[in-house]
Amino acid sequence: MSEAIIKGHVGIGPAVEGIALSASDNFSTRYDLDRDRGVVSRPSHKLYGENYVGRILVLNAAKGGVASAWMLREMVQKEKAPLGLLLNDANPVMAQGAAFAQMPFMDRFETDITQFIKTGDQIIVEPALGLVRILSVD
Amino acid sequence: MKLNDLEQAMVEGAHGKAAQWAIEYQRSVGTFFDAEDFVPVRVIHVSTDRETMGDSGVEFIEGLSQLPPAERRPRSFATADFRGFDADAFKFLLPGRDLIAESAQAVAALGKLGVVTSHAYVNDHSVTAPGFGEACGYSGTPSVIYMNGIVGARCNFEAGPSSLAAFFTGRVPRYGFHLDDKRIGTHGFKLEFTPETIADWGIVGALIGRKLNSYWSVPILEVAGPKPTILDLNHMALSMASYGSTAMFHVIGMTPEAPDWKTACGGRSIDTEVVSRDAVDDFYAEWGGVGEKLDIVALSTPQLDIPEMVQIAEIFEGRQVHGNTTLLVYTPLELKEACARIGVVETIENAGGRVVHGHDFFATFAKEIREAHGWERLMTHSVKMVNICEGYGYKPTPASIPRCIESAIAGKVLP
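Residue numbers (my numbering), protein chains in the order written: chain A, 2 to 139; chain B, 2 to 416.
Calculated directly from the structure, the hints in this document are not laboratory data. Heads up, some of the hints might be wrong.
Stated by the list, open to error - Think about it this way: if two alpha-carbon atoms lie no more than 27 angstroms apart in a straight line, the pair counts; the simulated DSS-like pairs of lysine-lysine are: (1) 191/B / 212/B; (2) 3/B / 8/A; (3) 228/B / 191/B; (4) 79/A / 368/B; (5) 47/A / 212/B; (6) 183/B / 368/B; (7) 119/A / 81/A; (8) 212/B / 119/A; (9) 113/B / 18/B; (10) 81/A / 368/B; (11) 47/A / 396/B; (12) 8/A / 183/B.
Said to hold, decoys possible - Computed beta-carbon distance windows for the label pairs: (13) 18/A / 103/B: 20 to 26 angstroms; (14) 16/A / 289/B: 44 to 50 angstroms; (15) 123/A / 411/B: 53 to 59 angstroms; (16) 334/B / 18/A: 46 to 52 angstroms; (17) 17/A / 231/B: 44 to 50 angstroms; (18) 373/B / 16/A: 39 to 45 angstroms.
Claimed, not checked - Beyond 10 angstroms from chain A on every Cβ pair, some chain B residues (computed): (19) 3; (20) 10; (21) 14; (22) 63; (23) 141; (24) 143; (25) 152; (26) 260; (27) 266; (28) 275; (29) 319; (30) 373; (31) 412.
The C-beta atom is built at its ideal place from N, Cα and C for all residues, glycine as well.
Only chain A is shown next, with the shape it has when bound in the complex (with noise of 0.2 angstroms):
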């Protein structure tokens, strides 16, 4: 067990720690979500039927258009949001989204995110610093 520690893009929102939820797929708040149960709800989705709610998620790129800024700021303050964001690819939807929720949320590493890190690791983000250290690597 160690640590490690990945590199990104200096991001949006406060420092988090949590539990990661991850997959090789794309993220939108309107397409995927069933915002009201605080699951994925879109059945093409990898991580569909999972509570994302107090977890990190981890994904590949924003995809579609302009909803999801309202949207994230609604889900913080009806406790149906996740603890924070890691993408590969933002759009700036996402990032206007989060920063009017102040989620914390990053884009831009050094390597693919949603294959270093893996669902139900314990992972610090530090948006500010533009790192994510990995608490429970094998």
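On the provided structure of chain A, position chain B as indicated by the hints.
Positioned in the frame of chain A, the structure of chain B alone reads:
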């Protein structure tokens, strides 16, 4: 980010609390994307549909509107749309909810701020558009890609809170598609066939969007046969945005920054892929449903124009929508009134369809509507709607408008 004197004064609160919030919020997003500075904008479009905003969004806008006027002065012209104002339709779609009442606070607050509220979705057609090369701050997904690709204006996805911030500051961070080099095509595609319907064009967009899978990729398309219409391109573009988050595209010989391949590529060499008829047919087959009972046909996303409304009325030829199927046809209020004057609304409604105005199917509690009616199989000509409604628990089937209407009459999905 570099700030000029005006922007620095906004940060310090000299131009009111709304501008102070807005410039700091915009600076955080601009810094995230390495923007060097801001670019002034004249026209803003604020996405404010009730489902997306949630209660927290309404409260936020109300909070801004309650500031003294001196604390919330705008610096640009803004329209907002898409809140759901067809009372009769909502009484049928969601009997337990009064969306007009739920939206009233937000509409009043937007009006107090000076945001012009319109009930037409995709306002690239309903307001004076920015010109070629002009920076703008649009938040409708289809509007952004339309402005970038077809008009040649310059815009990133400026989602609801972000465009609202631009309303107060009169500027947006200069990154992404405000920069010359980001607008250059990165991936080439050639159509080896001529799409025949709007749905075909939507699928072309979906295939390209899935392939690129990044906001920062810019597809270049070379078409075969007759040039597509602007409506064809609009469906292709919003489908690219839906399946891949694409916000900029070129069509050789059609869009303003792509007179030829060399210009569209910025002189660089790029790989080109072929989009085939077989790939489009495979996409249709992926969603299936042929022969199944049809619960709902929703023709929207974007709302229909007058020729599409006329086309639907002509297909019926005195026939009726099947009793097992609900047909919803969406158009802006102004176009519904125009269609009523030529008898089109009456024809569709006499055939058993519902002409709905003031919102769009996917964006206004489509999941709750499905649950309220027990609907499952959905048909639509909008390939974007197919993508979204799958996540809301529908089994969607993309098809042309004629096939959708014939299926609605039959009560089942026809091939």
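We went through each hint and held it up to the structure:
1. 191/B / 212/B: Between residue 191/B and residue 212/B the Cα gap is close to 14 angstroms, so the pair holds against 27 angstroms.
2. 3/B / 8/A: holds, 25 angstroms
3. 228/B / 191/B: Roughly 13 angstroms between the alpha carbons, so the hint for residue 228/B and residue 191/B holds.
4. 79/A / 368/B: holds, 18 angstroms
5. 47/A / 212/B: holds, 18 angstroms
6. 183/B / 368/B: Cα-Cα ~37 angstroms, so violated.
7. 119/A / 81/A: holds, 22 angstroms
8. 212/B / 119/A: With Cα atoms ~25 angstroms apart, residue 212/B and residue 119/A stay inside 27 angstroms; holds.
9. 113/B / 18/B: Roughly 16 angstroms between the alpha carbons, so the hint for residue 113/B and residue 18/B holds.
10. 81/A / 368/B: holds, 17 angstroms
11. 47/A / 396/B: Given that 27 angstroms is the threshold and the Cα spacing comes to 18 angstroms, the pair holds.
12. 8/A / 183/B: holds, 24 angstroms
13. 18/A / 103/B: 20 to 26 angstroms: For residue 103/B against residue 18/A, whose Cβ atoms are near 37 angstroms apart, the range 20 to 26 angstroms is violated.
14. 16/A / 289/B: 44 to 50 angstroms: holds, 46 angstroms
15. 123/A / 411/B: 53 to 59 angstroms: With Cβ atoms ~55 angstroms apart, the hint holds.
16. 334/B / 18/A: 46 to 52 angstroms: At 50 angstroms between Cβs, range holds.
17. 17/A / 231/B: 44 to 50 angstroms: holds, 45 angstroms
18. 373/B / 16/A: 39 to 45 angstroms: holds, 42 angstroms
19. 3: holds, 17 angstroms
20. 10: holds, 22 angstroms
21. 14: Label holds. Min Cβ-Cβ 19 angstroms, cutoff 10 angstroms.
22. 63: holds, 14 angstroms
23. 141: Residue 141/B not clear of chain A: closest Cβ-Cβ about 7 angstroms, inside 10 angstroms.
24. 143: Given a closest Cβ separation of 8 angstroms, the condition is violated.
25. 152: Nearest chain A Cβ is 18 angstroms from residue 152/B, so the label holds.
26. 260: For residue 260/B, whose nearest Cβ neighbour in chain A is about 28 angstroms away, the distance exceeds 10 angstroms, so it holds.
27. 266: holds, 22 angstroms
28. 275: holds, 24 angstroms
29. 319: holds, 39 angstroms
30. 373: holds, 14 angstroms
31. 412: holds, 25 angstroms
Checked against the numbered hints above, the structure violates hints 6, 13, 23 and 24; every other hint is satisfied.
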